[in-house]
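Starting from the given sequences, assemble the full structure and let the hints guide the process.
As given, the protein sequences belong to chains A and B, one line each in that order. Each residue of the first sequence is one higher than the last, beginning at 1 in this note's numbering. Each residue of the second sequence is one higher than the last, beginning at 1 in this note's numbering.
Be careful, since some hints might not be right.
Chain B stretches covered by chain A per the calculated footprint, using a threshold of three residues with CB under 8 Å from any CB of chain A [as the list claims (entries may be wrong)]:
no., segment
1, 81-93
2, 242-249
3, 294-303
In silico DSS-like pairs for lysine-lysine, Cα to Cα no more than 27 Å straight-line [stated by the list, open to error]:
no., chain 1, residue 1, chain 2, residue 2
4, A, Lys53, B, Lys97
5, A, Lys7, B, Lys317
6, A, Lys9, B, Lys254
7, B, Lys86, A, Lys195
8, B, Lys34, A, Lys7
9, B, Lys120, A, Lys268
10, B, Lys221, A, Lys311
11, B, Lys294, A, Lys311
12, B, Lys240, A, Lys7
13, A, Lys9, B, Lys86
14, B, Lys317, A, Lys195
15, A, Lys7, B, Lys86
16, B, Lys254, A, Lys7
17, A, Lys268, B, Lys441
18, B, Lys256, A, Lys7
19, B, Lys221, A, Lys7
20, B, Lys255, A, Lys9
21, A, Lys9, B, Lys317
Think of the hints as simulated: they come from the structure by calculation, not from any bench. Even glycine gets a Cβ: it sits at the ideal position worked out from N, Cα and C.
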Amino acid sequence: MNLDSIKEKYIGSIHTVTLGATKDQGGTRTNTVTVGGDATLPFLFFEGEQSNKAVVAIEIWDIPPTEWNSVLQDAYADVFSNPVAWAQKAVEFGADLILLRLKGGDPDLGNKTPEQLANVVKDVLAAVGVPLIVIGCGNDEKDNSIMPVIAAVAAGENLLLGMAKNDNYKSIVAAALVHNHKVLTLGTVDINMCKQLNILITELGLAAENILMDPGSCALGYGLEYTYSVMERGRLDALNGNERLAMPVVCNVGHEAWRAKEAIAPEKDFPDWGNQAKRAILWEALTATSLLQAGANIMVMRHPEAIRLFKNNVNELSA
Amino acid sequence: MALTGLDIFKQLPKTNCKDCGMSTCLAFAMALAKGSTELDLCPHVSESAKKFLDIASAPPIRSVIVGVGPNQLTLGGETVLFRHDKTFINQTAIVIKISDTLAPDELDEKIRNINGLSMKRMGQRIGVNAIAITNCSQKPETFKAVVDIVAARAKNLNLILLVENAIALEAVLPGIAAQKPLVGSATANNWQAMVALAKRYAVPLIIKGNGLNDTAALVEKVASEYKELVIDTGMRNTAKVLVALTNIRRLALKKKFRPFGFPTIAFTTAEDPNDEIIQAGVFVAKYASIVILKADEKPYVLPLLTFRMNLYTDPQKPIAVEANLYEIGAVTPESPVYVCTNFSLTYYAVEGEVLNSKIPGYIIAVDTEGTSVLTAWASGRFDAQTITDFVQKSGIAEKVSHRTLVIPGYVAVISGKLQEKSGWNVIVGPQEAVGIPAFAKAYYTKDA
Ligand code: B12
Ligand code: SF4
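As structure tokens, then:
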């Protein structure tokens, strides 16, 4: 039997995208991160190129995340109130990138000014050498005023800025265009909407190669199967030549997995589910490795042990 | 390879008698090739042609049954490579492995533990499916004794007997065959004896090869004699197993390559239980019909079982509960009334927390065609009008003396309009269901 007979022949591939910029490239990063380039489904090296391994971005906030799970508190409690120390710790934990969520800009969570937030971005850039993903607080109006300022102070750094959504993408795209950053889109777990958003953004003048996409990431047990299938369909479409879905995929799993009841509920309330810390960590890790099978390129995560498990899995499957 | 219409035509009587309802034998052959008719409709095919065509028209991946009774397993029978193409059908069996070298008290403890690996999640009970017993002792009598103990004490679980020594297998089968354990492995060395035993006792058999080509050759030999088979490629490296299982599935479905038209089995190798679950997750995602692992603690097994459940839900229909008025606990006319959607995930999240609050309450699960709160809201199935209509239909007005509805925090924006339309007072509850107990205590204990 000849295994060649079942090699799929794809005509497309995922864009290869580099984030961050070193001194020579006009930035201050000590290294850049390149993702994408996949020319087949995950880990089927026998039939196509996949030269860039999936990487981990560790999520940090500019304000202490008081509502984060006790299991996460245990891992980060000493750095929660200091984004610089937190970023450094994230690098120790193996972060290939840092995802800085500017939560403190939220009008209900301190309402920091764009300038105050820009200072946090500058401090984090100064403290670590890995590339940065910066996303807003989630309040559309506020984010529209934050992102242009962030894009300007970090000019040259080749940031990934997010999240651009169907009903709110113009100002973030404009900011990225002016200062040469990349844009992260957020979909609604709907392949057609993802495609449409990518088209709208390229129509504003941002090259398709400067877009990454989060199709809308659900946690294990909380809609994971929707994300999984949207990602598989999108990847197959892209491999079959659809340029509008050829963006590297970012999955924001930490945020989702750590809200799951299985990650939150103490063992005394759910004796049926066993030790909370063990199941919570595995909840994040398995959410991440599952979506890895569906084609993720950047995994945004929180717990150091879950990150270790994810990276192990990537390495094992790429060996 | 799949048969073409012409291949089939060659086997038919070519009399064009029309008894099959088609105008010609050729038309019937074409319809058969497409799968739109059945061979039985032609009363004139010869026995030999029937045998040939039956084999050729069998489903691309055979379904194999393990066990008996309500918990029996159906393995294989899959028809697609991606769940979005239709749906995955028979869930990967999650199986915990134990050795026959365990001391009696360890064995006892293990069995009790594995029996306990059944958990409730989102209104469904999920659990491991079987215990696999290995013959590490190498002694037939020890193996038999342990198998008998497990069979007697783990009555809700199926059995897998991992033994390559035909003599040891022969020692246990007479007593246990009626429970239809999966046995194996049959290898290049022992297959004649193993197949003879499997046939005699009518139990499904694992065929273990050494890599894809070797496995295909071995299965081909065995399958001419016996077809209740499960394939083990013999590979144990995660990356290689992923590729092998993908190729097996592709060859079976796209090329109808018969030697791979059977369920498959994969084994974890990692020592650390966390790593083991991650490894098992790869096999669940990529086509294993059975995964054998050692990790047997609830917090490890629960995520894996949940992943399996997610992957095997039918993408064509969201899991919904009946849209209805539900009573949680010993409700009274003063009990709170919560409004949510009839998406299973949503409903059970809310139900669980209302129970947790220890304050009995009503839940109105509005018909949103099984979609979540925000999905339903965004698509117009959970707005002031639809909720008002459903509340009126639900009969809640006759059950409670108050006129207050609690709605999910995520749809706070509809509260004014809902109040206006329904005439009920509307309280915006917390965003996440976890917030319900604290919320209920704050709002409802003083009046109760
Ligand atoms: C999976 C998903 C889908 C699936 C549907 C799944 C389903 N069966 O519902 C699909 C892919 C089909 C889908 C489609 C759409 N979706 Co959608 N989808 C999601 C996603 C990723 C998860 C939803 C989910 O399952 N949540 C889990 C359940 C359990 O949550 P829940 O119902 O809200 O319940 C929780 C709380 O509300 C609370 N709660 C529930 N009831 C009650 C009651 C009371 C009294 C209280 C106190 C609390 C409470 O408890 C629960 C647990 O905490 C979310 C994004 C996200 N991550 O949340 C988007 C999301 C809901 N979708 C969205 C949209 C826009 C859509 C579409 C309209 C997009 C489109 N144009 O295609 C379509 C609608 C299509 C249609 N015609 O139905 C948006 C809604 C935006 C908004 N704010 O309005 C979201 C938020 C994504 C986003 N960020 O934009 N979606
Ligand atoms: S019944 Fe059989 S023999 Fe008669 S026409 Fe149909 S296929 Fe041909």
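Against the structure, the hints:
1. 81-93: holds (count 3)
2. 242-249: holds (count 4)
3. 294-303: It holds, with 6 qualifying residues against the three required.
4. A:Lys53 / B:Lys97: Answer violated: Lys53 (chain A) to Lys97 (chain B) is near 33 Å, above 27 Å.
5. A:Lys7 / B:Lys317: Violated: Lys7 (chain A) and Lys317 (chain B) sit about 32 Å apart, past 27 Å.
6. A:Lys9 / B:Lys254: holds (14 Å)
7. B:Lys86 / A:Lys195: holds (22 Å)
8. B:Lys34 / A:Lys7: holds (25 Å)
9. B:Lys120 / A:Lys268: Roughly 15 Å separates the two Cα atoms, so the pair holds.
10. B:Lys221 / A:Lys311: Given pair Lys221 (chain B), Lys311 (chain A) is violated - Cα atoms ~41 Å apart, limit 27 Å.
11. B:Lys294 / A:Lys311: holds (22 Å)
12. B:Lys240 / A:Lys7: Roughly 15 Å between the alpha carbons, so the hint for Lys240 (chain B) and Lys7 (chain A) holds.
13. A:Lys9 / B:Lys86: holds (22 Å)
14. B:Lys317 / A:Lys195: Distance ~24 Å between Lys317 (chain B) and Lys195 (chain A) Cα, so the pair holds.
15. A:Lys7 / B:Lys86: holds (22 Å)
16. B:Lys254 / A:Lys7: Holds - the C-alpha atoms of Lys7 (chain A) and Lys254 (chain B) are around 11 Å apart, at most 27 Å.
17. A:Lys268 / B:Lys441: Given that 27 Å is the threshold and the Cα spacing comes to 20 Å, the pair holds.
18. B:Lys256 / A:Lys7: It holds: about 15 Å lies between the C-alpha atoms, which stays within 27 Å.
19. B:Lys221 / A:Lys7: holds (26 Å)
20. B:Lys255 / A:Lys9: holds (15 Å)
21. A:Lys9 / B:Lys317: Not OK: Lys9 (chain A) and Lys317 (chain B) at ~32 Å, beyond 27 Å, violated.
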